[in-house]
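**Student:** Line order of the protein sequences matches chains A and B.
For the first sequence, position 119 (counting from the first letter as 1) is numbered 576 according to the numbering used here, and the numbering increases by one without interruption.
For the second sequence, position 313 (counting from the first letter as 1) is numbered 770 according to the numbering used here, and the numbering increases by one without interruption.
In short, the hints are calculated from the structure, not lab data.
Any given hint could turn out to be false.
No copy is singled out in the list; a pair is fine if it fits within one copy or between any two copies.
Keeping only pairs whose Cα atoms sit at most 35 Å apart, straight-line, the calculated DSBU-like set for lysine-lysine is [said to hold, decoys possible]:
| # | residue 1 | residue 2 |
| --- | --- | --- |
| 1 | K602 | K719 |
| 2 | K488 | K853 |
| 3 | K488 | K719 |
| 4 | K853 | K634 |
| 5 | K602 | K634 |
| 6 | K602 | K488 |
| 7 | K853 | K648 |
| 8 | K634 | K488 |
| 9 | K648 | K488 |
The chain contents come next:
There are 2 protein chains.
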Amino acid sequence: EKADLDLVSILINADIAVGDIAHLLETTPHKHRLTLWDFVADALQGEVLTHLNEDIQQSFLARMSAEEIVETTHDIDNDDLADLLQQMPEGRSSRVLQLLAPEERSQVEGLLAYPEDTAGGLMTTDMVTVRGDVTVAAVLRYLRKISLPDALDRLWVTNRQFHYQGSLALTVLLTAKPSSLVSDIMNTDIKGIRAGEDEEQVARLFERQDLVSAPVINDDGIVIGRITIDDVVDVISDSAAHNMMSMAGLDEENDTYSPIVKSSQDRAVWLGINMATAFIAALVMSQFEASIAQIVALAVLSPVVASMGGIAGSQTLTLMIRGMATGHIGQSNLTWLVLRELGVGLINGSLWAIVIGVITFFWYHQVSLSLVIAAAILVNICIAVLSGTVLPFFLKAANIDPALSGSVILTTLTDVFGFLTFLGLATLFLL
Amino acid sequence: EKADLDLVSILINADIAVGDIAHLLETTPHKHRLTLWDFVADALQGEVLTHLNEDIQQSFLARMSAEEIVETTHDIDNDDLADLLQQMPEGRSSRVLQLLAPEERSQVEGLLAYPEDTAGGLMTTDMVTVRGDVTVAAVLRYLRKISLPDALDRLWVTNRQFHYQGSLALTVLLTAKPSSLVSDIMNTDIKGIRAGEDEEQVARLFERQDLVSAPVINDDGIVIGRITIDDVVDVISDSAAHNMMSMAGLDEENDTYSPIVKSSQDRAVWLGINMATAFIAALVMSQFEASIAQIVALAVLSPVVASMGGIAGSQTLTLMIRGMATGHIGQSNLTWLVLRELGVGLINGSLWAIVIGVITFFWYHQVSLSLVIAAAILVNICIAVLSGTVLPFFLKAANIDPALSGSVILTTLTDVFGFLTFLGLATLFLL
């Protein structure tokens, strides 16, 4: 038994990167997770913590005293510490802050001032700045005296007032003449990022310019921090995951291995909302009960009309949400997009209206029923693509996450209009 | 007019990163795109090309002769050139290859030997290797003589037989004593990645270990290339986008601004497949036309049963697909997951069965109808979560993309079983 536990401890801490330990914890069912956590070497716990998803971070942090948290996290980057503090209840995070060394506390407090989803919230204050009017030799002497932060690829160059001037790549520094002036060999292509910039904008900037790190400046143009690619990678994968998970009413920070009761709660709300929309559609259908009682085929075919609209709409919606996330789609392209989607809706609507009309004719041998379903399909697909295009813009303007609410609202619309057009036209022309 | 065009040309090439030019092109409707492309300075076209999505790359490449392609791409990384060649028809890419300088041709041909979605397909041969038994001073002299590749953060250290031994960070090199031996100061935590490793595994490795670059080795352990974070970022954002887009039957490489006819074609197939599944469900429902004719409420409530199953199933499916992509879910956790999801299905199934039963009672005032719909909801939600859990594993084992086919198959299952259980139970107990 004891030997087994020693083995576990060796396995966990031996030759594994902290990210791998975090992964191991995340893929362990929750009831064994605390046991495993206790095996993680104290020196690694801080770094491991920063790699876990928020659900699990919270469950571990909740078990630790403020003193333990300070001890565990004393060697992690101050931006990661700020992120952890942001998740704790107010009283608890201020207790942790009070236990920090004065210099670190003021740094972390400075970082906490920026919203989590801005450049300021992403940055670390761990950086190296040099003045433009010094020589390469002086910079090299300076670097030998300080401890260099992780993933350093560039130094920030400032003037005497600490205004950002440009950056100096380590590759350039390595091969430059010792007598060269920093300002003569620095790169000015990488611009300072304002602390208030949205994190998704920052991510796009990194993607488009293939950056490894970028400087953050305040409103006066003074360098206040550095954003590194590892944090940007998290933004990129979280944002893509967020859109995908939200469309199914899930939270990307939720723990895959959470217990049954918690998982059930996480998903119950979404089921409830969708039940409400299903009943709205049912209510619309029930208005036509008299027609259905006369022509039962209407009951059989109604879901086909609703579902074709749902699919066409969700395709458009997915394209829009993805396009907004990558910055490909904005307000300025709206008119063009609406016309394009309407064109697509008319083409695909007509195509599938004909196909479904023909199938219906061979099934029920009624020309009038076929014409009615064909018309309903065309109308519903056009309504679906138009709603799918316009809805995300409305939701965004109203500060509602289109990925989360878009699909529910869209399904409601396509169900309601599908039933209305099909059953309405049938009632008008078939009875 | 002429002045306008000059202005455009200045705007495009002046102070914009190539990624931004690519973004501008991607967000321009296709008919203006070629005009804009001609304004991009020749010296930038190659780099801009590598930043475009495949749809647009192909449309530009198709207009260029093999000679023009060679000229345009002569200063891009050889891994990016290999990626472009992989998209061309066989005959064309071999014409381009023949026009390359012999050394470059053999490098690119070497890269083309690796499948696009492996470490070998991601790597560039642009790297710096040094021997472990030389001094820091010798390395620095060597670096001054060669041209350093972009985004270089580490050198690879090898023995005399070019076997990978470890890596030397530029930060360490900068501050090391000139007389130190490379092997004494190198880092051995970063392992060599086999050329055949799957690109998603590579991406996870970068995420977990916060890497900026990593060495690629062949089966003999010899260093053959370098993977850089910018290519990994593309893998991460493409993979997340792929899963989200596939679930709506869309291709993430498709151009947001493609013309109406092409967009319609891209989406028509998915609508057709979904039409087929909708008719399968309709066929099931039509078996119960006699029951529906007697109790029209069955027609009104059937879509509610099908839709609750669809939502519950798509939540589980999304969780599974996301978990597989992040490596959180694998074959080994399947039993645990099935039991967990069944538990979630029973809890949420019972909860919403009761709620929907009660609503149905207040609507139609029939206890038996309420009991039947409650039972059908419970059964369908349980079937949905079980299928959502198991289906992606089956599809993956059969080499079918779960994100692409999973949702169609699942919807078919939940529609069919929803109608079967509800209408079946109703026919048994209510008539």
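**Student:** Are the hints correct? Go through all of them and say.
**Tutor:** These are the hints, each one checked on the structure:
1. For a Cα distance limit of 35 Å, the shortest separation of K602 from K719 qualifies neither inside one copy, at 51 Å, nor across copies, at 61 Å.
2. Only between protomers do K488 and K853 lie at most 35 Å apart by alpha-carbon distance; the minimum there is 29 Å, versus 40 Å within a single protomer.
3. Taking the closest pair of Cα atoms, K488 and K719 come within 35 Å of each other only inside a single copy of the chain (13 Å); across copies the shortest separation is 51 Å, beyond that limit.
4. Taking identical chains as interchangeable, the C-alpha atoms of K853 and K634 are never at most 35 Å apart, the minima being 53 Å within one chain and 56 Å between chains.
5. In this homomeric assembly, K602 and K634 come within 35 Å of each other (Cα to Cα) both inside a single copy, at 20 Å, and across copies, at 13 Å.
6. Proximity of K602 to K488 under the C-alpha cut-off of 35 Å is found in neither arrangement, the shortest distances being 47 Å within a copy and 58 Å between copies.
7. When the C-alpha separation of K853 and K648 is checked against a cutoff of 35 Å, the pair qualifies only within one copy, where the shortest distance is 28 Å, while the shortest distance between copies is 44 Å.
8. In the homo-oligomer, the alpha carbons of K634 and K488 never lie at most 35 Å apart, since the shortest distance is 59 Å inside one protomer and 50 Å across protomers.
9. For the homomeric pair K648 and K488, the shortest alpha-carbon distance between copies (33 Å) is at most 35 Å, but the shortest distance inside one copy (48 Å) is not.
The structure is inconsistent with the numbered hints 1, 4, 6, 8, although it conforms to all the rest.
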